[in-house]
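Trainee: First to last, the sequence lines map onto chains A and B.
Position 198 of the first sequence, counted from 1, bears residue number 209 in our numbering, the numbering being contiguous throughout.
Position 341 of the second sequence, counted from 1, bears residue number 677 in our numbering, the numbering being contiguous throughout.
No lab work stands behind these hints, which were simulated from the structure alone.
Among the clues, some could well be false.
What the hints assert, rightly or not - With a straight-line Cα cutoff of 30 angstroms, these simulated BS3-like cross-link-like pairs (lysine-lysine) come out:
id	chain 1	residue 1	chain 2	residue 2
1	A	K133	A	K67
2	B	K506	A	K14
3	A	K244	B	K717
4	B	K506	A	K275
5	B	K587	A	K14
6	A	K276	B	K381
7	B	K722	A	K242
8	B	K587	A	K102
9	B	K501	B	K458
10	B	K712	A	K242
11	B	K506	A	K40
12	B	K642	A	K271
13	A	K276	B	K642
14	B	K359	B	K370
15	B	K493	B	K348
16	A	K275	B	K587
17	A	K204	A	K133
18	B	K566	A	K14
19	A	K14	B	K642
20	A	K40	B	K587
21	A	K244	A	K275
To be verified - Heads up, incomplete: computed chain B residues facing chain A, CB under 10 angstroms, no partners named:
id	residue
22	A535
23	L602
24	R604
25	D630
26	S636
27	K717
28	S765
Since the model is a prediction, treat every value here as computed from it, not as a measurement.
By construction, the Cβ of each residue, glycine as well, lies at the ideal position given by its N, Cα and C atoms.
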Amino acid sequence: MNKIISKEYFSDKVVKLVVENPLIARSRKPGNFVILRIGEKGERFPLTIAGADPVKGTITLVVQIVGVSSSKLVALEPGDHITDLVGPLGKPTDIRKIGTVLAAGGGVGVAPLLPIIEAFKKAGNRVVTVIAARNKDLIILEDEAKKWSDELIIMTDDGSYGRKGLVTAGMEEIILREKIDECIVIGPAIMMKFASMLTKKYNIPTQASLNSIMVDGTGMCGACRVSVGGKLKFTCVEGPEFDAHQIDFDEMLMRLGGYKEEEKKANEIYSQKI
Amino acid sequence: MNPDILKEERNKEWRSELRSRIKAKERTNIPRVKMPELEPEIRVKYQNREVNKGLDVAQAQREASRCMDCANPTCMEGCPVSINIPKFIKNIERGEFLEAAAALKETSSLPAVCGRVCPQEKQCEAHCFYVDKLKKEAVAIGYLERFAADFERDSGKSNIPGTAKPNRIKVATVGSGPSALSFAGDMVKLGYDVTVFEALHEIGGVLKYGIPEFRLPNSVVDFELENLKKMGVKFQTNFIVGRTASFDDLKAQGFKGFFIGSGAGLPRFMDIPGENYNGIMSSNEYLTRVNLMDASSDNSDTPVIKGKRVAVVGGGNTAMDSVRTALRLGAERAIIIYRRSEAEMPARIEEVKHAKEEGVEFMTLCNPLEYFADSKGRVNKMRLNKMELGEPDASGRRRPVPMEGSEFELDVDLVIVAVGVSPNPLVPSCLPDLKVSRWGTIVVDEEKMQSSIPQMFAGGDIVRGGATVILAMGDGRKAAENMHLHLKNHSANH
């Protein structure tokens, strides 16, 4: 269980892992996440599932190195085992035939977006996808995204690949061109905030998948709480997707920084060790 | 327990002889033993050093000799798992400590745990002859239970309760807290093939993530788990029944009965302004970080905020556990904020006493209204008002009402909200046919602990909404007895 089958670097900081876990491979649905722990003193942290092969019994995870835990995960090699892996958690994406879906993925957020666009496409929708990153090196999973999209637009902040501009510029172009029935956005919180402001302007129903801090991931700790429409919600059991127009993104951004000092210190100690 | 068996046990020669050895008057004149404790100045420095040190042999035997070995042991009526209390105590009196431990294990899967965390003063000890008839302090049943269980563990001669011949019928528990472990222990004794499924990476539920080590060392829990393992109970961590695999998947694998003990789940918040600032968290989160994830030790990757001025909102055992943990993590001020008076506090008297000895401040009749934060969103202040007690409410306790013009502010850098929990929605959401109450608790037949789905039984906090370790264990025991009957009838009909 939990054996790393393969490992592929998309960039210095972004790594794709295929992990053996037949039960989760079979039971996961688009939008679900898992909780991982690396080593006996490791912390529990969530990652949205980027794909699965129920026949081979594997799931795909795409991880960006941001701190100690992601560094430890990426340090594992094929043949190594992830200490603990549990899931699938969270509510799956509400997939149905609705018309045209605009999907927007920022940075490593493209990975969890993949199973969702695949499902929307298979449900008979027209899917237009915008993927965005700071530069060319950070654009990931372009071919896979293309496979399940009727149209794929690539945006980079510096114009080193695709079109120059933010994800919202690409999205707005589509919105002005054709009728969009639903939008889904996954990426850094700040990107989702602005994508959500854009679609709100055009009154397009939008789901955002949140990457809150979690401990247990099963509803117990409340670390992942967010305000949605002024109400308290737990990302782990009531999300991770919510009506983006109702999410208090500023509060969410503030809460994501809740352990910044502690994380920074831990990262310094960890980097000295290795 | 069958009254005839009780009588037979009591009439054994050694018991009669023991009763006649000391005059009743002499027994009742012995004062109740005091639990030896680690000094407050020392214990506040250690998250993992147990406060109660336990009785020594002489103390235990002397306390055991207070017990009158009543013909009608009313104490047992107060025990949710019906421990044969006189039997185990009289075995301590005569020096047969391993026999005492074996008597405990006849009906309890976790005696060393219960001896530490049960509210005995509200259960067995409340029904003791000394309290009922003599108006004196009860026999220290809880201390003695702990003594016997600890003696056995330290002796290295652990007696594994006998189990019936395996019947090859598979049953599962959802969760691994006290209710599930109690159920598992009883079912394995009856010959069932029991698998305990746990979502977290460790077995034990609230015994591991919730109750701190200064009250219940992990080694004590692990020993009891080891015993269950030796009896044949299988443990599966990182497995969410209903998600990792469905109930139908497990049925297809041959599981015939399920016990749902998935626990209390979602922490409640007060829904007041500023409550989502950083540095404000549920007691579940705080305690899980420290207890399960060992966040206070340097080599743990899990962070925890070590507050200097810590406010804990609530008056239950979880609030006491949180505030005492904060002290041990270096708080200069650790304050309990409770909206009623101390008399209404649901926490055990012992926990309140220990907290006070350690320097916890109690702001009773106070209620938080709002939180404030610095520019980074980290809490730095709270606003409260004072309360007074009005007419009794539905719970029978006098309702706290705000006092006009009593608002005040308090500097804080960490706030722990311990105002209760709501049932975990994970399992009910996977079972559309499962009947749940308006509050999300699983509805069961209270006698049988059977849910609206006949092969599914439930107990503990997912049924009660919030209870104690021992009530949960009682549920597990009842569920085991009735699932056994259900499965027996079921197979007889096929």
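Trainee: State for each hint whether it applies.
Mentor: Each hint, compared with the structure:
1. A/K133 with A/K67: holds (21 angstroms)
2. B/K506 with A/K14: holds (28 angstroms)
3. A/K244 with B/K717: Measuring from Cα to Cα gives roughly 24 angstroms; hence the hint holds.
4. B/K506 with A/K275: violated (48 angstroms)
5. B/K587 with A/K14: holds (27 angstroms)
6. A/K276 with B/K381: holds (23 angstroms)
7. B/K722 with A/K242: Roughly 27 angstroms between the alpha carbons, so the hint for B/K722 and A/K242 holds.
8. B/K587 with A/K102: With Cα atoms ~23 angstroms apart, B/K587 and A/K102 stay inside 30 angstroms; holds.
9. B/K501 with B/K458: It is violated: about 38 angstroms lies between the C-alpha atoms, which goes past 30 angstroms.
10. B/K712 with A/K242: Given that 30 angstroms is the threshold and the Cα spacing comes to 22 angstroms, the pair holds.
11. B/K506 with A/K40: holds (28 angstroms)
12. B/K642 with A/K271: Since the Cα atoms of B/K642 and A/K271 sit roughly 14 angstroms apart, the hinted pair holds (cutoff 30 angstroms).
13. A/K276 with B/K642: holds (14 angstroms)
14. B/K359 with B/K370: Since the Cα atoms of B/K359 and B/K370 sit roughly 23 angstroms apart, the hinted pair holds (cutoff 30 angstroms).
15. B/K493 with B/K348: This hinted pair holds, its Cα atoms lying about 25 angstroms apart.
16. A/K275 with B/K587: violated (47 angstroms)
17. A/K204 with A/K133: holds (28 angstroms)
18. B/K566 with A/K14: OK: B/K566 and A/K14 at ~29 angstroms, within 30 angstroms.
19. A/K14 with B/K642: violated (36 angstroms)
20. A/K40 with B/K587: With a Cα-Cα distance of about 21 angstroms, the restraint between A/K40 and B/K587 holds, given a limit of 30 angstroms.
21. A/K244 with A/K275: holds (28 angstroms)
22. A535: holds (5 angstroms)
23. L602: holds (5 angstroms)
24. R604: It holds, given that the least Cβ distance between B/R604 and chain A is near 9 angstroms, below 10 angstroms.
25. D630: Holds. Min distance 7 angstroms.
26. S636: holds (5 angstroms)
27. K717: violated (17 angstroms)
28. S765: holds (8 angstroms)
Of the numbered hints given earlier, the model fails hints 4, 9, 16, 19, 27; all others are met.
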